[in-house]
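Below, each chain spelled out in residue letters.
There are 2 protein chains.
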Amino acid sequence: MEDMHCGTSPIVGFRFTLSPMTNDFVEVIKGALEEVDTSAVRMHTDDVSTVIRGKQGHVFNVAKALALHTAKTGVHVALNGTFSAGCPGDSAGDAYLDKPDEQLNHDRTKQYVSSQFALYPMNHPDYMSVIYREIERAKERGVFNESMHDASGIHGDIHDVFDFYEEAFTHARSEDHRHLVMTVSMSINSPSHGGN
Amino acid sequence: MEDMHCGTSPIVGFRFTLSPMTNDFVEVIKGALEEVDTSAVRMHTDDVSTVIRGKQGHVFNVAKALALHTAKTGVHVALNGTFSAGCPGDSAGDAYLDKPDEQLNHDRTKQYVSSQFALYPMNHPDYMSVIYREIERAKERGVFNESMHDASGIHGDIHDVFDFYEEAFTHARSEDHRHLVMTVSMSINSPSHGGN
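Line by line, the protein sequences are chains A and B.
Letter by letter, the first sequence follows residues 1 to 196 in our numbering.
Letter by letter, the second sequence follows residues 197 to 392 in our numbering.
If you are wondering where the hints come from, they were derived from the structure by calculation, not from laboratory data.
In this text, all values refer to a predicted model and were calculated from it rather than measured experimentally.
Simulated coverage check for chain A against chain B, where a stretch passes if three residues somewhere in it have a Cβ under 8 Å from a Cβ of chain B:
#1 14 to 21
#2 74 to 87
#3 112 to 122
Quick look at which bits of chain B chain A covers, simulated, 3 or more residues with Cβ under 8 Å:
#4 237 to 248
#5 270 to 279
#6 314 to 326
#7 380 to 386
Examples of chain B residues lying across from chain A (beta carbon under 10 Å, computed):
#8 311
#9 341
#10 344
#11 349
#12 351
#13 389
C-beta atoms are modelled at their ideal positions from N, C-alpha and C, and glycine is treated no differently.
Make the full structure from the sequences, and use the hints.
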């Protein structure tokens, strides 16, 4: 109960499940974790999800690299996760804020992904304006797909999509409203994607 | 941009992805959708997720039935989704609020599940108190597993777990704070679950 006030730590977290829809799901997940350089983030896996925490740039870099590496196996993969910053209990793991900013995963292979996201700026009376502003940004960046209940569709090349997500996550929080949550569901190599 | 104010509709939505980790994922998903009675909710599937919307009791009943039916195939399944109520644009689909309250799926087969959830009461200055109150409720109900960054672990028999989730979702919103979001990640038949 001691962590009921929001912190000021710059730590970003991403708690996710990576679900390769294949009988070999264990090998696919292990392969991604072995091939991706995760040394710049704190990573912990339990029986439901994996969490990575550290500087924002590293968290997004590792998340994208895991998705991309898994995608290259060709199997249908779902990535579902929640990015968060600002609250609560964000004092743990601060060691990883000492890491150099230089990103460690550089694979630029093109890969179509279709995804949906939702922003939850906490304790913010005008949070809908924040959300609509970031949807406008998606349209400007050329990655907006469609509107829907409770989410917005974002698609395109994985690098453009993750660039947008990091930009939106940066701009949707502020000094006055530090606690931000962003959910992302991503579908890769789906049989529904057709010619994309 | 016309939907920037929160609604007063009692509609509950659940947007989710169901990911059977098997080469036969299409058959497993289709089988669940055929076997479960979804006639009391509006359902729409796109290339990333499925959304069900309607009266709260039906939405939770259908969500559990889909998870349980998929579980009975024995394959490892991940269910990731977001329950929401209260905002925005909740006027569409009101027809389903005419449905009788009687639930349509009654399978009581026991099934261990491990899951994690997070509550996001929107525009609520004291949202952390709401969250901690529902974590206390999980402990009282005997389904609390562990605390972690950005989520809380909930596990046990699927019926107890879903009963808790519906109860928490009910109590975490109020007349003054209608817009509530609850994310749930559930792991079923995981090789990590061991003797459970």
